[in-house]
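2 protein chains.
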Amino acid sequence: MATPGSSPSPPPPEPQLQAMHALDAQFAALAKSHRHVRCIVKLGGAAITRKEELETVNEPVLAATTLHLKEAMGMPYTSLPMDWSRKDGSSVADLVPNCSGQNLDIPNAFVIVHGAGSYGHFQASKSGVNKGDLKNPLVKAGFVATRISVTKLNQEVVRSLASEGIPAVGVAPFSAGWSTQNKVLKRDNVMEVRRAVDAGFVPVLHGDAVLDNTLGCTILSGDVVVRKLAQVVKPSFVVFLTNVPGVFDRSPEEPGATLLREIVVFEDSSWTIVDPPFGVNNKSGVETTVAAHDTTGGMSTKIAEAAAIAAMGIDVYIVEAGTPHALEALRGHVKNLKSKKTWMGTLIRSALGRRS
Amino acid sequence: MATPGSSPSPPPPEPQLQAMHALDAQFAALAKSHRHVRCIVKLGGAAITRKEELETVNEPVLAATTLHLKEAMGMPYTSLPMDWSRKDGSSVADLVPNCSGQNLDIPNAFVIVHGAGSYGHFQASKSGVNKGDLKNPLVKAGFVATRISVTKLNQEVVRSLASEGIPAVGVAPFSAGWSTQNKVLKRDNVMEVRRAVDAGFVPVLHGDAVLDNTLGCTILSGDVVVRKLAQVVKPSFVVFLTNVPGVFDRSPEEPGATLLREIVVFEDSSWTIVDPPFGVNNKSGVETTVAAHDTTGGMSTKIAEAAAIAAMGIDVYIVEAGTPHALEALRGHVKNLKSKKTWMGTLIRSALGRRS
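For the protein sequence lines, the chains are A and B, in the order given. Note that my numbering has the first sequence beginning at 7, numbered continuously upward. Note that my numbering has the second sequence beginning at 7, numbered continuously upward.
Everything labelled a hint here was simulated from the structure, so no lab data went into it. Yeah, the Cβ is synthetic: ideal placement off N, Cα and C, and Gly gets one too. Among these hints, one or two may not hold up.
Claimed, not checked - Quick list of simulated restraints, FRET-style, between CB atoms:
1) B:PRO82 x A:THR220: 36 to 44 Å
2) A:THR220 x B:GLY107: 21 to 29 Å
3) A:TYR83 x B:GLN237: 22 to 30 Å
4) B:ARG41 x A:GLN237: 27 to 35 Å
Claimed, not checked - If we take Cβ atoms under 7 Å as the criterion, some of the chain A residues that face chain B in the derived model are:
5) MET88
6) PRO173
7) VAL177
8) VAL203
9) GLY206
Produce the entire structure from the sequences given, and follow the hints as far as they go.
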């Protein structure tokens, strides 16, 4: 009944890395107590961009998601526009808003991570940045091209948030020193992200091309960034906003595809579907063994990442961006699925219970 | 004859910062030996943007400077375009170049820093980000707006370089954890910048809005970034590309304004003009006491920063961007000013001699 998730055991760290870890620990000890982050949100690349059109934002979804985030953060309806960049037809005088009486406190602290979608994905896949080898001119050029593209999308996301008064600050993982060793994350800047949260900002990270100690370079996915952030920041919950209504037992387009509403993850990273209750009602076992289908751009990878987060005792919601279900999840209003019969999405939680 | 430079003595560090410095030192000790950086270049905001037009790049100057940098780095004339982002009328197939036989090695490693010019300056000055106080809504909004604007310019600069085959990677100081205490630089990511250089990239940093331990936030100028980089990286020389032909004894527009060709800096940060030889030929003392004129957007600050770098034994050239004189300086071809009578620019050097 349970499909085992993957739980790779990392290689033992080298002496240099051990020393670096010791530094990290010292640094962590130096850090003062931090503001609690209520939610880490992943804006799926497939949701906020038009995947089939190179470097095109899905404007309606991004705009709706921006409003959902603002609402979920508990910010007032009136807002102070923070994107004062040139827009067509605007004069300089129009750009600085009246700030008197504005309250920019964010009752619920959030950290945002976005994927690449039609930004970066093309450049990375055409050049093989993920496999490393910076001596290959195509890989090196692709690294530069990928970074240009993903940072363009980061600008779009930050500007969308800022235009609605969310004090968003872009943080590119490459610039922030995130790096890997043989594709395993080795360095991050989560302490700096917390510092930005403490200062009242909403950091916006993303999947990025990064340096790799062994391979030269690789792609760091937004999902891995979310997992590392969750591990250190320990948010109340994590929301993955995607372009489908959640995790299904087969491709959502197939007849009879069933939305998996609740998945429970055990300490050993294995997991089981508890809603709908396949295991109880269906003795044939056919539907009980289905793995969540992987036609929507790495949904099985997403489940593995989500399961790793849920195993920390942090609830993970996978829900369609821009829908009322997304807003409900971002607000943290779907803790009890039994009382939320109309909510469409997937909750992945730990068998051991919740943190909050 | 000498005009004393400013040499502010920083306050004694707090215990927490002392511990952080110890960590920095440990981290530095962990770092392997690095590739030598030949030159750190500052692209002045007034040179690469049109200062009077909000968020407008000075395209001819940026394009010419890009070619000068490529030449000075010793890269081949044929180039592999690395900006594969969407352009008007291009199809996806057009974007990935033929990479076979391309050599992307950079014989002379460079690090680039740019100012803000008509990007960021307006947003920062209208909101007072420089003075801190994030509780003030205008400052907080201005911080976000400033960062959006300066990262837009960073995109423009990186894309210009990448389109000519320079493997440029943007590094925003805020994202990279640069921060200050009472406006004095306390944290940086120079080690990560070196790592990017070692991997064969050309990091492109910029002036940015950053967090300040005491004030909440402030503006970190590109000139301060250059100084810190120079201190750690110890390049062969530093070039400031500006919108005037160098440092003058009065406003360049005034009749009789004289270009100061060579300034020597002493250990105590005081400095003297050695070419033209005012002190020898002119006994009246009138012209000898003139300070370099400050009508060109902080030229005296620039001299102070340049003098601080020269005091480390690193030659600093201040020269007009996009001119043949800029190319000469970037190539490192003006070490001996006496044999370069036609070169127009200002060399600021240490009285103690050169590093290289």
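Verification of the hints:
no. : hint                            : in the structure
1   : B:PRO82 x A:THR220: 36 to 44 Å  : violated, 29 Å
2   : A:THR220 x B:GLY107: 21 to 29 Å : holds, 27 Å
3   : A:TYR83 x B:GLN237: 22 to 30 Å  : violated, 49 Å
4   : B:ARG41 x A:GLN237: 27 to 35 Å  : holds, 34 Å
5   : MET88                           : holds, 4 Å
6   : PRO173                          : holds, 5 Å
7   : VAL177                          : holds, 5 Å
8   : VAL203                          : violated, 11 Å
9   : GLY206                          : holds, 6 Å
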